[in-house]
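One line per chain: the protein sequences are Z and P, in this order. Read in order, the letters of the first sequence are residues 472 to 902 in the numbering used here. Read in order, the letters of the second sequence are residues 84 to 364 in the numbering used here.
Honestly, the hints are just simulated from the structure, not real lab data. Be aware that one or more of the hints could be misleading.
What the hints assert, rightly or not - Which bits of chain P does chain Z cover? Going by a derived footprint, with three or more residues having C-beta under 8 angstroms, they are:
(1) 86-99
(2) 126-133
(3) 197-211
(4) 320-330
Beta carbons are placed, not taken as given, at the ideal position from N, Cα and C, and that holds for glycine.
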Amino acid sequence: MKLFLALLCGLMLAATACGCGQSGKEANTIEVWHWMTDRQDAFEVLARKYEAQTGIKVKLALFAPSDAYTQKIIAAAQANILPDVYSILDKKAIVAAFIKAGFVADLTDAFQMDNNAWEKSLFTKAVDVNRFVEGNVDGVKPGIYGVPIDVGSQQLLYNKTLLRQAGITRPPATFEEWLADIDVLRRAGITPFVSGFGELWLIDCFASNYAFNIMGEQKVFDTFRGKVSYTDPDWLRVFTIFKTLHDRGAFMNGIVTKGNKLAEQDFAVFERAAFTFNGAWSVHVYRQMRPDLDYGVVPLPVFNPALPMVSWGGAETSLVVNNLSPDKDKAIAFLKWLTAREQQVFLFTHLYSLPVNREAMAGVPENLAAFSRVMETSTHPKVWPVNEDPLVSEAFLKGIQAIIIGEKTPQAVARDVQLVKDRQIEKASQP
Amino acid sequence: MGFNKYQVQHFFRNTLLHIFLLTVTVSCLFPIFWMIRSSLMSGTTIFTDQALIPVDLNWHNYVVAWTRGNFAVYFINSLIYTISVVTGIVVIASLAAFAFSRLQFPGKNAIFYVFVAALMIPLPGSFVPLFVLMNKLHLVDTRMGYILCMINVGLSLSILLLKTFFDKMSPDLENAARIDGCNQLQIWWYVALPLAAPALAVVVIYNSLNVWNEYILATVLLSNQDLMPLQRGLMVFNGPYQVDYPVLMAGLTMTAIPVIAIYLLMQKHIVKGLSSGAVVG
Numbered sequence: 472m473k474l475f476l477a478l479l480c481g482l483m484l485a486a487t488a489c490g491c492g493q494s495g496k497e498a499n500t501i502e503v504w505h506w507m508t509d510r511q512d513a514f515e516v517l518a519r520k521y522e523a524q525t526g527i528k529v530k531l532a533l534f535a536p537s538d539a540y541t542q543k544i545i546a547a548a549q550a551n552i553l554p555d556v557y558s559i560l561d562k563k564a565i566v567a568a569f570i571k572a573g574f575v576a577d578l579t580d581a582f583q584m585d586n587n588a589w590e591k592s593l594f595t596k597a598v599d600v601n602r603f604v605e606g607n608v609d610g611v612k613p614g615i616y617g618v619p620i621d622v623g624s625q626q627l628l629y630n631k632t633l634l635r636q637a638g639i640t641r642p643p644a645t646f647e648e649w650l651a652d653i654d655v656l657r658r659a660g661i662t663p664f665v666s667g668f669g670e671l672w673l674i675d676c677f678a679s680n681y682a683f684n685i686m687g688e689q690k691v692f693d694t695f696r697g698k699v700s701y702t703d704p705d706w707l708r709v710f711t712i713f714k715t716l717h718d719r720g721a722f723m724n725g726i727v728t729k730g731n732k733l734a735e736q737d738f739a740v741f742e743r744a745a746f747t748f749n750g751a752w753s754v755h756v757y758r759q760m761r762p763d764l765d766y767g768v769v770p771l772p773v774f775n776p777a778l779p780m781v782s783w784g785g786a787e788t789s790l791v792v793n794n795l796s797p798d799k800d801k802a803i804a805f806l807k808w809l810t811a812r813e814q815q816v817f818l819f820t821h822l823y824s825l826p827v828n829r830e831a832m833a834g835v836p837e838n839l840a841a842f843s844r845v846m847e848t849s850t851h852p853k854v855w856p857v858n859e860d861p862l863v864s865e866a867f868l869k870g871i872q873a874i875i876i877g878e879k880t881p882q883a884v885a886r887d888v889q890l891v892k893d894r895q896i897e898k899a900s901q902p
Numbered sequence: 084m085g086f087n088k089y090q091v092q093h094f095f096r097n098t099l100l101h102i103f104l105l106t107v108t109v110s111c112l113f114p115i116f117w118m119i120r121s122s123l124m125s126g127t128t129i130f131t132d133q134a135l136i137p138v139d140l141n142w143h144n145y146v147v148a149w150t151r152g153n154f155a156v157y158f159i160n161s162l163i164y165t166i167s168v169v170t171g172i173v174v175i176a177s178l179a180a181f182a183f184s185r186l187q188f189p190g191k192n193a194i195f196y197v198f199v200a201a202l203m204i205p206l207p208g209s210f211v212p213l214f215v216l217m218n219k220l221h222l223v224d225t226r227m228g229y230i231l232c233m234i235n236v237g238l239s240l241s242i243l244l245l246k247t248f249f250d251k252m253s254p255d256l257e258n259a260a261r262i263d264g265c266n267q268l269q270i271w272w273y274v275a276l277p278l279a280a281p282a283l284a285v286v287v288i289y290n291s292l293n294v295w296n297e298y299i300l301a302t303v304l305l306s307n308q309d310l311m312p313l314q315r316g317l318m319v320f321n322g323p324y325q326v327d328y329p330v331l332m333a334g335l336t337m338t339a340i341p342v343i344a345i346y347l348l349m350q351k352h353i354v355k356g357l358s359s360g361a362v363v364g
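Given these sequences and hints, build the entire structure.
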């Protein structure tokens, strides 16, 4: 019994001692919360450099994975203890909710100072991802509410060695050329295409690029608004692209269950497929996995030559400033410094991330630069005036997976998606 | 020399049983073997070397995992959290279970069902309210806050397990202790707890594993990186785009050692705790 009482007392003492240590924010310090594990070391170097230059300490706190980070940000917002700089890894509607709650600073004045010097130094499309335009559906005061720190886009990557083996001399520019290449590769015993189509967002990028190319932005947005049906011939063409690729044997077996990290291994390490669809970060991944991989990067082959091939792209990562922070101005100054040429070159050199600052592009190798060349024609769900209902999107993407494995026809998927769409429209119209 | 049909039956039954047990053993041990094997490879050979035993053994991964993952700090933190939380759970849950099982007080069943119902709430669903509550108590970003939350997480199942055990304890033992002059607290300490050793072993191992492997709640509640548990160190090697597999596996191997040690130490009690319970005392 005495032992128990001693144990209990010991526990209480230990717990009391453990309880000590909650510290307030240090003076002259900017707190940054991020989730990018692979960037922590480089960020630490920059933080020390910033402190040496300005005397302001940058305290970096890493919270990964991104799901846990998102939970932390939501919890911290509810408890009103957000740091000076953080990210909102969610849809634009959630960003809007944070802005309307007063948790995100309007950076428009800072961007437009000195004749828009800061804004002009960055890729426009990357800044646009953080911009709320006049009359936006979220009802946010127009302005720029975040700072992009790098950019990216999704492109078609091709293995030059495998293409050469099959006798293909240049990458395809049109969908017809791509189909011809796929036939040649199949005859040579080479799997034509792999991608992480087990992750729905990659299918979303791929399908959206073709949707924009086939029918143009306006018709896509009109579909989201419910004015155009998914059974429209143009949408059937989008679905049929996947059917055609399936029928030609383009897809690697198991592609719809494959995560992107496994697809990257298939493409880069084992060279099991000639083409892949991936983002700008893959250049760094492939460099680590297989430094001698001989590959190139091109936009997806055009289906409709009358319209441009628009790629998903823009800011890869954005940070926002806490509007309630007493060190708001210091935080903005730090982000301005972080996106300046010198720091962007440092980040590119250490992480192979694509700089958001145009002036930092000199020296970026060809394969990485290829991802930035489409930047001015890129698009992103965060800049769209309207977004599709999540349930419709899910039906759309899962339907495409069903086409890829030969389970459903494009017509059946189009009907299924439209059914969900009709249901959601009806639900939305109810008071 | 001939065999009778019973010997043949016995032989086949034994052989089948051993094949089955061997299969289960291999399927349990192979992932651990693969983890250790992968921890000894390089970033390139992990994808290319298909041999069971790597040609070049890269022990340096363990040094990298320990230093880059800041394991020295996180190991101590995880030890503090595991010991404090498990001790807290054992003390509170055994007292509560004993009370639910042996004492009569108003609303006993209702309170017990509330505890059991708490099992239905998934941990992620309670993150935000927990964080807000801890913030109000000024316990966010403190060890104490995290320990209290984790004790709370483990209580429901532990109370349920121990109550079931105490329910089967013979009232004669309790009466005998009372005749010897024990009060309720002494009966709990001198009679109930020693008898519940197998169930306590299950509670200890289950909660130790739970706390040792927990990370998400720590991420939400703690901001000071020096207070983070061991799993935080592993995250360093698991980037959003890239995973340093060999170093991650080295880190995982080091992380798994204490858990395996606890399991081996308490193995006898765990098996007894899971299989016994029909007769107590």
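Verification of the supplied hints:
Residue count for the stretch 86-99 of chain P with a Cβ under 8 angstroms from a Cβ of chain Z: 0. That is fewer than the three needed, and the coverage hint is violated. Counting residues of the stretch 126-133 of chain P whose beta carbon lies closer than 8 angstroms to any beta carbon of chain Z gives 4, which reaches the threshold of three, so the coverage claim holds. With 3 residues bearing a CB less than 8 angstroms from a CB of chain Z, the stretch 197-211 of chain P meets the requirement of three and the coverage assertion stands. A count of 7 residues in the stretch 320-330 of chain P with a Cβ less than 8 angstroms from any Cβ of chain Z is obtained; the coverage claim is therefore met, three being the minimum.
Taken one by one, the earlier hints fail for this structure only at number 1.
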